[in-house]
Amino acid sequence: GEVVKVEIKEEKQGKIKTVKTDNQEYKTLAIIVASGAEARKLGVPGEEELRGRGISYCATCDAPFFQNQKIVVVGGGDTAIEETLYLTKFAREIIIIHRRDRLRATKILQERVFSNKKINFAWDSTVIKILGQEKVEGILIKKVKTGQEKEISCQGVFMFVGNLPNTKFLQGVIKLDDKGYIITDDNMMSSYEGIYACGDVRKKILRQVVTACGEGATAAFAAEKYIEELKGVSYK
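First residue of the sequence shown: 1, per UniProt numbering; consecutive thereafter.
It cannot be assumed that every hint is accurate.
Within a straight-line C-alpha distance of at most 20 Å, the following computed DMTMM-like cross-link-like pairs (lysine to aspartate or glutamate) qualify [unchecked claim]:
#1 K129 / E48
#2 K150 / E47
#3 K70 / E47
#4 K179 / E111
#5 K17 / E193
#6 K175 / E193
#7 K41 / E137
#8 K117 / E149
#9 K89 / E111
#10 K150 / E93
Using C-beta positions, here's what the derived DEER-type ranges look like [as the list claims (entries may be wrong)]:
#11 L29 / V210: 23 to 31 Å
#12 R53 / V210: 45 to 53 Å
#13 F114 / P64: 22 to 30 Å
#14 N23 / K89: 17 to 25 Å
#15 E137 / Q171: 20 to 28 Å
#16 E229 / V44: 37 to 45 Å
#17 T18 / K107: 27 to 35 Å
#18 N116 / D177: 28 to 36 Å
#19 R40 / Y86: 14 to 22 Å
#20 V209 / R51: 21 to 29 Å
Since the hints were derived computationally from the structure, they do not count as laboratory data. The model shown is predicted, which means the values in this text are computed figures rather than measured ones. Each residue gets a CB set at the ideal place from its N, CA and C atoms; glycine is no exception.
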């Protein structure tokens, strides 16, 4: 079931953590949080209705479905630009929609994207509506400074405007950063002893499968060591 709450109680045998799901309750000495993060939504009309029918949040997953088609990418950070460059292997034309007048991506990525003839830009613009009935047929954008609106026809919309960590159930239990990511030490332990985190849910500079795997191994070993120490067993 979905985790809805984590509680901590002081008991004789140690610091017992209670994990409550929507249909069950578990008691444990240690918790490893690997709840990940999900793509941030724009929250505009048409987004939910056309999700999976031309709207995507993962280029490596869905790019092949847009062979020789015109698509738009929303975002201007490293992820957006990296995914755009990957999409050029499939799409006929790509328009990047960015709410600022310059990209936030690193210099080398900007150089690559600016030199690619398949890619064009709509600066100082935000998407205010996804157009289409059964599938994506276009978008409606709005100029940030002037308020001028414009329709752009396309067959796909890829959104890369950040991620939201799945940590709502941990608010008030452990320390999170201002974006909701879990702050840990090098052993993956959070601000509360016995609660660990790994993967995209952690505050860190790189979010990749390979880093998540390493963190998972570290968290598992650290949690085991913590439990054994509570029971009076030492790894010396």
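So, going through the hints one by one against the coordinates:
With a C-alpha separation of about 11 Å, the suggested pairing of K129 with E48 holds against the 20 Å cut-off. Pair hint K150 plus E47 holds up; C-alpha atoms about 18 Å apart against a cutoff of 20 Å. A C-alpha spacing of about 18 Å is found between K70 and E47, which places the hinted pair at or below 20 Å, so the restraint holds. Annotation: proposed proximity of K179 to E111 is violated, straight-line Cα distance about 29 Å (limit 20 Å).
Among the hinted pairs, K17 with E193 is consistent with the structure: their alpha-carbon atoms are about 10 Å apart, no more than 20 Å. Distance hint between K175 and E193 is fulfilled; the C-alpha atoms sit about 12 Å from each other, no more than 20 Å. Pair hint K41 plus E137 holds up; C-alpha atoms about 19 Å apart against a cutoff of 20 Å. Between K117 and E149 the alpha-carbon distance is near 25 Å, which puts this suggested pair outside the 20 Å criterion.
Of the supplied pair hints, the one linking K89 and E111 holds, its CA atoms being roughly 17 Å apart against a limit of 20 Å. For the given pair, K150 sits about 18 Å from E93 by alpha-carbon distance, which is consistent with the 20 Å threshold. For L29 paired with V210, a C-beta distance near 29 Å keeps the hint of 23 to 31 Å intact. Checked against the hint of 45 to 53 Å, the pair R53 and V210 fails, with Cβ atoms roughly 32 Å apart.
Remark: the range hint 22 to 30 Å for F114 to P64 is upheld by a beta-carbon distance near 25 Å. Taking the beta carbon of each, N23 and K89 are about 44 Å apart, not inside 17 to 25 Å as hinted. The hinted range of 20 to 28 Å is not satisfied by E137 and Q171, whose Cβ atoms lie roughly 40 Å apart. With their beta carbons about 51 Å apart, E229 and V44 fall outside the hinted range of 37 to 45 Å.
For the hinted restraint 27 to 35 Å between T18 and K107, the CB-CB distance of approximately 49 Å leaves it violated. A hinted range of 28 to 36 Å for the beta carbons of N116 and D177 is consistent with their spacing of about 34 Å. A hinted range of 14 to 22 Å holds for the C-beta pair R40 and Y86, which are about 20 Å apart. For the pair V209 and R51, the beta carbons lie near 23 Å from each other, so the given range of 21 to 29 Å is met.
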